[in-house]
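Student: The primary structure of each chain is shown beneath.
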Amino acid sequence: NLWPSIFQGCFVFKPSAKKKKTALSLDFQQINNHQQNMFCLCKALQDELNRNILDSLLDFTRKCSSTRQHSDWASQMRASEIPTAALVLGVNVPDHDMTFQSLSDLLQQSVTPHVASVQAKECGALKHLMKRVLERLMDTVVDDEDEEEAEQTSAQLNKSVHCSLSTLCAWYNAKTKVSPPGKKRCSHVGDDLQSPPLVIIFKDLEAFNPRVLQDFILICSRYIERLPLMFIFGIATSPSTIQHMLPHSVSSLLCIELFQSLSCTQHLATVIDKLILTPQFPFKLNGKVMQVLISIFLYHDFSVRNFIKGIQLALLEHFHSQPLSVLCCKKKAALLNVMHLGPQDLERIRQLQSFKRYVEKQDPQEQVNLFTDDTHLKEVCQKLIKNLRQYHKNYYPILRCLHTLTSSLPRYPLGKQIRELHLICLDKNIWENEDYQSAMKLLKMLAKDQLILEDMLSKFKQLDSKSDSSTPYFAFTLGYVEDSITSPVKNLQKKTDLFQLQKTLLEMNESRRSKKLSPFEALRNEALEFIDSLVKSHLSAPESQTLNEVCYYTSSATVRRHLNATPRTSIQAALNIPYYYLQNDRLKTEDGIVSNAAPDICIVYKLHLECGRLINLYDWLEAYSTVVSAAEGNDPELMFLSLFSSARFIRAVSELEFLGFIKSTKQKTDHVARLTWGGC
Amino acid sequence: MSSLLQHPGHEEESLQRVSDQLPCREVQAGTLLSLMGQPHQYSYPSIFIYGHRSSGKSHVLHVLLKELELPHAPVSCVECVSVALLFEQVLLSFFGADAASLLPRSPSLSDFVRVYRNQCSQSPAEQTRYIVMEKAELLRDADANLLPALLRLQELVEDNVTVILLSEIVWDKFRPNTGCFEPLLLHFPDYSKGELQHILSHDRHPSYSAEFYSSYINILLGVFYSVCRDLRELRHLPHAMNVAFTCFCVSSVKETDTHKLWRNMEPHLKKAMQTVYLREVSSLQWEKMQQMEEKESGALRGLSAHTHVELPYYSKFLLIAAYLASYNPARTDKRFFLKHHGKIRKTNFLKKNEKTSNHLLGPKPFPLDRLLAIFYSVVDSRVAPTASIFSQISSLVTLQLLTQVSHDDQLDAPKYKCAVSMDFICAISRTVNFEIVNYLYDFL
Numbered sequence: 042n043l044w045p046s047i048f049q050g051c052f053v054f055k056p057s058a059k060k061k062k063t064a065l066s067l068d069f070q071q072i073n074n075h076q077q078n079m080f081c082l083c084k085a086l087q088d089e090l091n092r093n094i095l096d097s098l099l100d101f102t103r104k105c106s107s108t109r110q111h112s113d114w115a116s117q118m119r120a121s122e123i124p125t126a127a128l129v130l131g132v133n134v135p136d137h138d139m140t141f142q143s144l145s146d147l148l149q150q151s152v153t154p155h156v157a158s159v160q161a162k163e164c165g166a167l168k169h170l171m172k173r174v175l176e177r178l179m180d181t182v183v184d185d186e187d188e189e190e191a192e193q194t195s196a197q198l199n200k201s202v203h204c205s206l207s208t209l210c211a212w213y214n215a216k217t218k219v220s221p222p223g224k225k226r227c228s229h230v231g232d233d234l235q236s237p238p239l240v241i242i243f244k245d246l247e248a249f250n251p252r253v254l255q256d257f258i259l260i261c262s263r264y265i266e267r268l269p270l271m272f273i274f275g276i277a278t279s280p281s282t283i284q285h286m287l288p289h290s291v292s293s294l295l296c297i298e299l300f301q302s303l304s305c306t307q308h309l310a311t312v313i314d315k316l317i318l319t320p321q322f323p324f325k326l327n328g329k330v331m332q333v334l335i336s337i338f339l340y341h342d343f344s345v346r347n348f349i350k351g352i353q354l355a356l357l358e359h360f361h362s363q364p365l366s367v368l369c370c371k372k373k374a375a376l377l378n379v380m381h382l383g384p385q386d387l388e389r390i391r392q393l394q395s396f397k398r399y400v401e402k403q404d405p406q407e408q409v410n411l412f413t414d415d416t417h418l419k420e421v422c423q424k425l426i427k428n429l430r431q432y433h434k435n436y437y438p439i440l441r442c443l444h445t446l447t448s449s450l451p452r453y454p455l456g457k458q459i460r461e462l463h464l465i466c467l468d469k470n471i472w473e474n475e476d477y478q479s480a481m482k483l484l485k486m487l488a489k490d491q492l493i494l495e496d497m498l499s500k501f502k503q504l505d506s507k508s509d510s511s512t513p514y515f516a517f518t519l520g521y522v523e524d525s526i527t528s529p530v531k532n533l534q535k536k537t538d539l540f541q542l543q544k545t546l547l548e549m550n551e552s553r554r555s556k557k558l559s560p561f562e563a564l565r566n567e568a569l570e571f572i573d574s575l576v577k578s579h580l581s582a583p584e585s586q587t588l589n590e591v592c593y594y595t596s597s598a599t600v601r602r603h604l605n606a607t608p609r610t611s612i613q614a615a616l617n618i619p620y621y622y623l624q625n626d627r628l629k630t631e632d633g634i635v636s637n638a639a640p641d642i643c644i645v646y647k648l649h650l651e652c653g654r655l656i657n658l659y660d661w662l663e664a665y666s667t668v669v670s671a672a673e674g675n676d677p678e679l680m681f682l683s684l685f686s687s688a689r690f691i692r693a694v695s696e697l698e699f700l701g702f703i704k705s706t707k708q709k710t711d712h713v714a715r716l717t718w719g720g721c
Numbered sequence: 556m557s558s559l560l561q562h563p564g565h566e567e568e569s570l571q572r573v574s575d576q577l578p579c580r581e582v583q584a585g586t587l588l589s590l591m592g593q594p595h596q597y598s599y600p601s602i603f604i605y606g607h608r609s610s611g612k613s614h615v616l617h618v619l620l621k622e623l624e625l626p627h628a629p630v631s632c633v634e635c636v637s638v639a640l641l642f643e644q645v646l647l648s649f650f651g652a653d654a655a656s657l658l659p660r661s662p663s664l665s666d667f668v669r670v671y672r673n674q675c676s677q678s679p680a681e682q683t684r685y686i687v688m689e690k691a692e693l694l695r696d697a698d699a700n701l702l703p704a705l706l707r708l709q710e711l712v713e714d715n716v717t718v719i720l721l722s723e724i725v726w727d728k729f730r731p732n733t734g735c736f737e738p739l740l741l742h743f744p745d746y747s748k749g750e751l752q753h754i755l756s757h758d759r760h761p762s763y764s765a766e767f768y769s770s771y772i773n774i775l776l777g778v779f780y781s782v783c784r785d786l787r788e789l790r791h792l793p794h795a796m797n798v799a800f801t802c803f804c805v806s807s808v809k810e811t812d813t814h815k816l817w818r819n820m821e822p823h824l825k826k827a828m829q830t831v832y833l834r835e836v837s838s839l840q841w842e843k844m845q846q847m848e849e850k851e852s853g854a855l856r857g858l859s860a861h862t863h864v865e866l867p868y869y870s871k872f873l874l875i876a877a878y879l880a881s882y883n884p885a886r887t888d889k890r891f892f893l894k895h896h897g898k899i900r901k902t903n904f905l906k907k908n909e910k911t912s913n914h915l916l917g918p919k920p921f922p923l924d925r926l927l928a929i930f931y932s933v934v935d936s937r938v939a940p941t942a943s944i945f946s947q948i949s950s951l952v953t954l955q956l957l958t959q960v961s962h963d964d965q966l967d968a969p970k971y972k973c974a975v976s977m978d979f980i981c982a983i984s985r986t987v988n989f990e991i992v993n994y995l996y997d998f999l
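One line per chain: the protein sequences are A and B, in this order. Remember, this note's numbering sits 41 above the position in the first sequence when you count from 1. Remember, this note's numbering sits 555 above the position in the second sequence when you count from 1.
Derived from the structure by calculation, the hints contain no laboratory data. All C-beta atoms in this analysis are idealised placements derived from N, C-alpha and C, irrespective of residue type, glycine included. Fair warning: there could be bad hints in the mix.
One side only, chain A facing chain B, incomplete, derived with CB under 7 Å [claimed, not checked]: (1) R263; (2) T278; (3) I335; (4) L339; (5) D342; (6) R609.
Let's have the full structure, built from the sequences with the hints guiding it.
Tutor: This is the structure:
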């Protein structure tokens, strides 16, 4: 597992001046725990999501290898085709690795020990592809004419083999004859697999050279009678790429079956559901950070893996930058940690915005106590932390409840996905939002459409069963809502015969005349008011909670800077303010002043900012030597003439050209054209 | 029939077996046999056989050499990525693994000849040895001296060896400009319709009578012969259609009623022409579909039906920008992307040679700068030029939606082409509410 070690590395080099050593070690434990919990969960999630498609793939491989042994007419006719699974995974290429990893693991566990996966970038030519396939299937070093070193090492290790499929054939025959598989390695599968198939996984089909792939398939089809080969194509775009890449004569050698995986947005929804919309993890992201992560996902890469990495980064940053993050852990540990807080940390708590707001609400005596008495403060903190936990426990079920109600409204005033609703809630108190009010109005106008009600009821029930962590209080509420909604419906259902129906209709009419509201409408309003009150009491914005700084990571700029780098801005910053990167005190200057101690390229850059579209090189050099000579206290004239300085100038200018700020032009002699305007 | 394959050097029985396995290729087999002569006789040094795909070239040779038990080395030129593999395979099948291991690393042709002569002095040929090179057209890309040397290998190694080259291309395209030994040319003509029917009837399902199956094949050929004459493809069809066929056979009583057979099978065949023949659907899936056809039809879509690709938001705009850059002349960018461009009519900047539609000419390369400039003007919000925008361009290249025209090594101002179709880009721009047609020069 890579991540814990990375974290370790971070902590070794961390400037630990801010914190005490005990807190540090505690932190490390915590962060590791968090990390591992989240990582396990993600892996489990990934497997769960891919289960369907992986299962059908496994079935496919099993079926293919078993039909080979049948000798009925149909399968004989198909014997010349190579069974191929086209696995469409979507454009989020960074995520594919994990899927393929678990796929090949599963295959090795249950179907065949012979699985080789290849990537396009390691197979530029047919020879390389062949070599990789053989190496991975046979677990040996394959002889290659180009690599002399490889030959020497392989000669020592084992007898080198030539890379051709006939070698593989011989190896396979020897292997299946000597140790019938199904006994040794995969005994639990049973002995139905006399000859386990050789599965070759092409991870990124699009990137392969079509020529190489065609040749490889042609060769394989020559051996299909002797080797039970099977292909799995990982496709990122659409299955029609197979037809674009392979001519008919080649694709007719394959027996292609299509497998479609879940879309990445569904994947993300599940990850958010399990990782963020749960009180299980005390670590939280605030609205802006969530927004940054989600927009990177939607706008840039569609990669769930990068999204999780983003959360991990936020986690690390949170524990790194917020000393009070020691309290961001499981309840018991948090309560214990409160007792261990030092005076410095307590002072930090007193400085917290949310805590100050809390103090202002207390009576004067209590205020004084909070500011002076450390033990009292600790007790209060314990209480506050308990409150915060309670808040989270209630928040998520109510959020889901509201989402179920509003997700089917026309035009989705509160968003189609639960993450949108969550973002609104994180931003500010939701009931102050206009969309919320319009949604409530819409809900109040909902017809007594039995379908909608029953639909919702079933959804509520699902929710209830899902959120096992929900407090009994919440279960009670649900029961109440359910009762209030079902009762009129039930009543209506009972009235089946005509006479009774007439009677009740009359009754209802009467009641409407008298109360202007049918019992259904009354109940509906009551239920909605109840939900509204629930929302108001539990869905308040987290920023209003005391001590929210402990759990919520807020610095969206840091996350953005790390995940969505802007190379041009960094270069410009480096050229403008060299101190930012070099940290040399001599470089500290006020804005707009060209320091002569700065590197040449910075001086040249600053000077070029003052020019128009075309820059006269001679003037530029003059200005440059003026700046530089001021530093050395020489006569500018002398300096200007010195060969040394003009050489430095020319070098700086060509560096600037390399970075793309200027280019040479033919419009005027001795001029260069400026290419960028305005700071970005 | 067997009279065609009479030859003094071989046993009657094995000749009979050969002719059984080679329907409709007796003439060619006979010619080959007489060329080969009796096993101990020297044969012609090199024979060049050409004919279209699946006209039975390799099959005839394979059966002949195998059934008559002649020493031969079958080599596929696709497989031989290096000459070393070719030499090794030849030596391996003639003299065994020991000889093959005598070859040095990256052997030259003379190494091969040396080893061969060494070996054949130890075990001289009692019968003619044959080297069969499949897909010989690939030899043209190999070293210049390989093909001429193979053609007169008999002289070089002083052994009774014959090289047989199989190719889909005529010999004229092979002849090196330095001249070489002319091999004996032999042509395998395409199968006629009658011959196809005869061959296809051979692999009939054991439960039907030969006559009935033959009439079924006749119907099948009637539908498909106009679009496909490739035997290999046609052989794939009858068993793909098997389910429908068996259904029919179960229901009908009489096997002789060919008219009824035609009426029942034709719709299935027509449907299969669109999917199975083009391998849109694998034969396995087709069979499954046929079985559950009663429940729901049209549930299964072919490979090309799945063209929808989901892309991140900015990737969509990058792709749109790339499409615009590829299909609009650079001069017209001002007209499309500047706010106050004034009124420029199409006729005003129409040049003479530009009357043909850009869409007919295909995508044109464009530099990265232009792509980004168009991108920033089409995307509605202000986008920071982050690294992930650039990495999206390269991932579009890996997905083959863009292609890089300039060389990989060229870091400065790389050039790209947009590789997606009009339909695809229209679908993409619809999802982001972008009217691409308004921005295309061709549709002005």
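Student: State for each hint whether it applies.
Tutor: Hints, verified against the model:
no., hint, result
1, R263, "6 Å, holds"
2, T278, "5 Å, holds"
3, I335, "11 Å, violated"
4, L339, "6 Å, holds"
5, D342, "6 Å, holds"
6, R609, "5 Å, holds"
In the structure shown, a violation is registered for the earlier hint numbered 3 alone.
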